[in-house]
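Asker: Protein chains in written order, with numbering that gives the first Met the number 0: chain A, 0 to 455; chain B, 0 to 455.
Treat the hints with care, since some could be wrong.
Any copy, or any two copies together, can satisfy a pair, since identical chains are not distinguished.
What the hints assert, rightly or not - The list that follows gives simulated cross-link-like pairs (lysine to aspartate or glutamate, DMTMM-like), each with its CA atoms no further than 20 Å apart: (1) K46 to D246; (2) K393 to D2; (3) K343 to E107; (4) K43 to E301; (5) K443 to E367; (6) K195 to E127; (7) K105 to D133; (8) K311 to D331; (9) K443 to D71; (10) K453 to D58; (11) K182 to E48; (12) K295 to D201; (13) K343 to E61; (14) K105 to D224; (15) K187 to E405; (16) K262 to D331.
Since the hints were derived computationally from the structure, they do not count as laboratory data.
Please read these numbers as outputs of a predicted model, since none were measured by experiment.
Number of protein chains: 2
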Amino acid sequence: MHDITIHYSNMLSDKVGKEHGLSLNDLDSLQPVASNIHKLLRSKREKGELPFYDLPYQDVTEILNYAAYIKDRFENFVVLGIGGSALGTIALQTALNNSQYNLLSKSERNGCPRLFVADNIDPVQFAEMLSILDMDKTLFNVVTKSGTTAETMSQFMIVYDRIKKLKGDRWKENIVVTTDKAKGVLRKIAYELGLKSFIVPDGVGGRFSVFTPVGLLPAAVAGIDIKGLLKGAALMDERCREDSIIDNPAYLYASLLYLSDTKKGKKITVMIPYSYALKDISDWFRQLWAESLGKKYSLNGEVVNVGQTPVKALGVTDQHSQIQLYVEGPFDKVVTFLKVEEFKVRMGIPQNPPIPPLERGGKGGFEEISYLCGHSLNELINIERDGTEYALTKNNRPNCTIIFPELNPSTIGQVMYMLEVSTAFAGGLYNINPFDQPGVEEGKRFTIEALKRKTL
Amino acid sequence: MHDITIHYSNMLSDKVGKEHGLSLNDLDSLQPVASNIHKLLRSKREKGELPFYDLPYQDVTEILNYAAYIKDRFENFVVLGIGGSALGTIALQTALNNSQYNLLSKSERNGCPRLFVADNIDPVQFAEMLSILDMDKTLFNVVTKSGTTAETMSQFMIVYDRIKKLKGDRWKENIVVTTDKAKGVLRKIAYELGLKSFIVPDGVGGRFSVFTPVGLLPAAVAGIDIKGLLKGAALMDERCREDSIIDNPAYLYASLLYLSDTKKGKKITVMIPYSYALKDISDWFRQLWAESLGKKYSLNGEVVNVGQTPVKALGVTDQHSQIQLYVEGPFDKVVTFLKVEEFKVRMGIPQNPPIPPLERGGKGGFEEISYLCGHSLNELINIERDGTEYALTKNNRPNCTIIFPELNPSTIGQVMYMLEVSTAFAGGLYNINPFDQPGVEEGKRFTIEALKRKTL
Numbered sequence: 000m001h002d003i004t005i006h007y008s009n010m011l012s013d014k015v016g017k018e019h020g021l022s023l024n025d026l027d028s029l030q031p032v033a034s035n036i037h038k039l040l041r042s043k044r045e046k047g048e049l050p051f052y053d054l055p056y057q058d059v060t061e062i063l064n065y066a067a068y069i070k071d072r073f074e075n076f077v078v079l080g081i082g083g084s085a086l087g088t089i090a091l092q093t094a095l096n097n098s099q100y101n102l103l104s105k106s107e108r109n110g111c112p113r114l115f116v117a118d119n120i121d122p123v124q125f126a127e128m129l130s131i132l133d134m135d136k137t138l139f140n141v142v143t144k145s146g147t148t149a150e151t152m153s154q155f156m157i158v159y160d161r162i163k164k165l166k167g168d169r170w171k172e173n174i175v176v177t178t179d180k181a182k183g184v185l186r187k188i189a190y191e192l193g194l195k196s197f198i199v200p201d202g203v204g205g206r207f208s209v210f211t212p213v214g215l216l217p218a219a220v221a222g223i224d225i226k227g228l229l230k231g232a233a234l235m236d237e238r239c240r241e242d243s244i245i246d247n248p249a250y251l252y253a254s255l256l257y258l259s260d261t262k263k264g265k266k267i268t269v270m271i272p273y274s275y276a277l278k279d280i281s282d283w284f285r286q287l288w289a290e291s292l293g294k295k296y297s298l299n300g301e302v303v304n305v306g307q308t309p310v311k312a313l314g315v316t317d318q319h320s321q322i323q324l325y326v327e328g329p330f331d332k333v334v335t336f337l338k339v340e341e342f343k344v345r346m347g348i349p350q351n352p353p354i355p356p357l358e359r360g361g362k363g364g365f366e367e368i369s370y371l372c373g374h375s376l377n378e379l380i381n382i383e384r385d386g387t388e389y390a391l392t393k394n395n396r397p398n399c400t401i402i403f404p405e406l407n408p409s410t411i412g413q414v415m416y417m418l419e420v421s422t423a424f425a426g427g428l429y430n431i432n433p434f435d436q437p438g439v440e441e442g443k444r445f446t447i448e449a450l451k452r453k454t455l
Numbered sequence: 000m001h002d003i004t005i006h007y008s009n010m011l012s013d014k015v016g017k018e019h020g021l022s023l024n025d026l027d028s029l030q031p032v033a034s035n036i037h038k039l040l041r042s043k044r045e046k047g048e049l050p051f052y053d054l055p056y057q058d059v060t061e062i063l064n065y066a067a068y069i070k071d072r073f074e075n076f077v078v079l080g081i082g083g084s085a086l087g088t089i090a091l092q093t094a095l096n097n098s099q100y101n102l103l104s105k106s107e108r109n110g111c112p113r114l115f116v117a118d119n120i121d122p123v124q125f126a127e128m129l130s131i132l133d134m135d136k137t138l139f140n141v142v143t144k145s146g147t148t149a150e151t152m153s154q155f156m157i158v159y160d161r162i163k164k165l166k167g168d169r170w171k172e173n174i175v176v177t178t179d180k181a182k183g184v185l186r187k188i189a190y191e192l193g194l195k196s197f198i199v200p201d202g203v204g205g206r207f208s209v210f211t212p213v214g215l216l217p218a219a220v221a222g223i224d225i226k227g228l229l230k231g232a233a234l235m236d237e238r239c240r241e242d243s244i245i246d247n248p249a250y251l252y253a254s255l256l257y258l259s260d261t262k263k264g265k266k267i268t269v270m271i272p273y274s275y276a277l278k279d280i281s282d283w284f285r286q287l288w289a290e291s292l293g294k295k296y297s298l299n300g301e302v303v304n305v306g307q308t309p310v311k312a313l314g315v316t317d318q319h320s321q322i323q324l325y326v327e328g329p330f331d332k333v334v335t336f337l338k339v340e341e342f343k344v345r346m347g348i349p350q351n352p353p354i355p356p357l358e359r360g361g362k363g364g365f366e367e368i369s370y371l372c373g374h375s376l377n378e379l380i381n382i383e384r385d386g387t388e389y390a391l392t393k394n395n396r397p398n399c400t401i402i403f404p405e406l407n408p409s410t411i412g413q414v415m416y417m418l419e420v421s422t423a424f425a426g427g428l429y430n431i432n433p434f435d436q437p438g439v440e441e442g443k444r445f446t447i448e449a450l451k452r453k454t455l
């Protein structure tokens, strides 16, 4: 079995009490609504209105060829992108590459370039990043679906200016663009100047774009097996063709969170991976869930102000930061653990500590840590997770666990595809449009107007 | 003026409406309670029961001498610590050092070692970190107040075992311990084996320990001006000697959050720095606020289950992830911006984009980004913050701003000291003990029992 699975018994009232736990009846009652949403989503998919569903089946030859072509030509690959143009890339990199990737030697990176993701416009941070890069040996991937994103286009113009001063018209060799196939000024620039470019398919929004060149190109450049990733996504697509809440993992997960929010007042959903590699999956999901479901208006135009607040946490680190609040604070949270069964490395704790215990001729006083000796970090991390699950459940805090048999391109593809389908489905449950983001327009207009007014 | 300041007019009802905003009367009514808490805190401080207050006035000569001594001897400095033993160090490093610090050359680091903070026990991540370190040239700082923390002591034993195999009894050269002066097995080991050690003062808990050797030693090793940091903390201490909620910035900030929670139902407090450097101050504060105030029992022994949930965010990045939810979702949040007035580098956006506009003989179509040209990332980041503040306020979402004239050791010392005092004071407002963490004990006992039961 190499499928991810969801364990949700700790969401139920017999584990966490009636006040906070769901009944199987709550799930059953949702099935008719779920079946309707399922029909609607299938019909939209068939009409080509939800193209994110079919991304697992795309041809990635051009991406792989281009990644191979640039491998020896560049030392650094820098993504200029923000939000949905960055979070998927960061999540894939953290999940599937060495945690010290940029500090490895080129041969330890299998010849792949270093990877940077510039997803902010802090002037100091951006200057510091540029100052460590040999510009001639750096390829910049400008990623914006609309082709007009203020932050990304500003970064692009700064980088263009610097490389042009260095190389003249050959600056174009150091830029690759990922944007809409027709719309936006970045596409226009790419077309007029003949820049290498990739396409973000029509109808795929930023937060659903990890399986387009937005996420796949940087992943391939960093040596990640993108075909394996898409195979995992396709596996999950097969499992998501059921309309049954219980059998369809994406619908199950969405239903658990939705019911916890609307029936039990759990306005906060915490995702806590017990694996460093999964840390940024939780950050990627935070955008997906928040921006898709945090909405003022329902599809009927009523003011609803809905949306669970997703919180990213990390086990075991945040046991020493957040668990006190989760166990003893308000009953306003539902917790999702991400658990890895087999880590790819075993890290044993030695049998013999620095001071030998009494019975081996030492001076004693060593009892406080002797229970650790001979075990491994692998055991410790998962037993601590069990302990946290136990403490939450005992204190009537609903929680569920997504289990990964191991971490590999397939299981990462599975979980990301599942969470995308969960989010689309949850849009139906909340009766809102999960694919727009009207609430960020006000701030954008403010910025444009303020800059236009400001004298240079 | 080099003091940080708090702007809070957008917390008030004339800006965000009566349902969500506070009245000046709400603040006035809290003053008698505040004055009592103030008296209690002062009296405890005078009796030496709250030693974190006096840390700004310590002598740091030994720390500075030791940092100078190891500077040329080691290439890497690795903190083994978790929670309060790691978060302050990470916050200081991100705030006051180059964002690419570990990728700089030794001379660019002014001869200081690289800095790693191993604050998790993921076996893969820990193995990957160790594998890039020349162990002989690496100094490990084992940081645990209790001297028994399972995660840290496991890491310590693994590292001890590896260095011992390499260097025999000279393994001790590569370890420096920061722990209690008398209690715990780590102190015993340090004493019996003659390891170099620093002391976490009595009565200073992990999350209040950034101004002890826990935070100061790694900071000094990485070249941070720790005297400047403490001077900033001392400056803030002076400003926190008032009992007036309006004049004492720590009390003001705590009161704003407390009243928003208890009077207006803002169960979530978001801290969003518009500065990459301040990113981990918000993570450090997340532990401080959550673990101190998330409590089941009041001081009278009543079940209260209190505690706001702190959320870390980052501007402008999270505008493309979380702002949709904050602007349109449930009215359950209060937002704190951190704003930097002067960044130490200016990053200008060029006057001339890749395609010249029509009037300069180009093909046009460039209007979508022309408003950016000639401005700077410095302007853009702060105007985007203004835009987000505007959008939140217009949608009746209370928010306040902590303003940093610039980022330097003094202003960082000021804000961290202020937030510690805010947290101690908020403990009084919520009538709970902000200095314990009983809710994490259950999980810890579970872990110990489970490992003891498990056969090797």
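Asker: Taking the hints in turn, state whether each one holds.
Answerer: To see whether the hints hold, each was checked on the structure:
1. K46 to D246: Neither way: K46 and D246 sit 25 Å apart in one copy and 62 Å across, limit 20 Å.
2. K393 to D2: neither (29 Å within a copy, 46 Å between copies)
3. K343 to E107: within (17 Å within a copy, 36 Å between copies)
4. K43 to E301: neither (24 Å within a copy, 54 Å between copies)
5. K443 to E367: Classified as between: cross-chain Cα gap 13 Å, same-chain 56 Å, threshold 20 Å.
6. K195 to E127: neither (27 Å within a copy, 35 Å between copies)
7. K105 to D133: both (15 Å within a copy, 18 Å between copies)
8. K311 to D331: both (15 Å within a copy, 18 Å between copies)
9. K443 to D71: Neither way: K443 and D71 sit 40 Å apart in one copy and 49 Å across, limit 20 Å.
10. K453 to D58: neither (47 Å within a copy, 48 Å between copies)
11. K182 to E48: Only inside one copy: K182 and E48 sit 18 Å apart there, 65 Å across copies, limit 20 Å.
12. K295 to D201: neither (26 Å within a copy, 51 Å between copies)
13. K343 to E61: neither (31 Å within a copy, 42 Å between copies)
14. K105 to D224: within (18 Å within a copy, 35 Å between copies)
15. K187 to E405: neither (44 Å within a copy, 39 Å between copies)
16. K262 to D331: So K262 and D331 pass the 20 Å test inside a copy (12 Å) and across (17 Å) alike.
In the structure shown, a violation is registered for the earlier hints numbered 1, 2, 4, 6, 9, 10, 12, 13 and 15, in ascending order.
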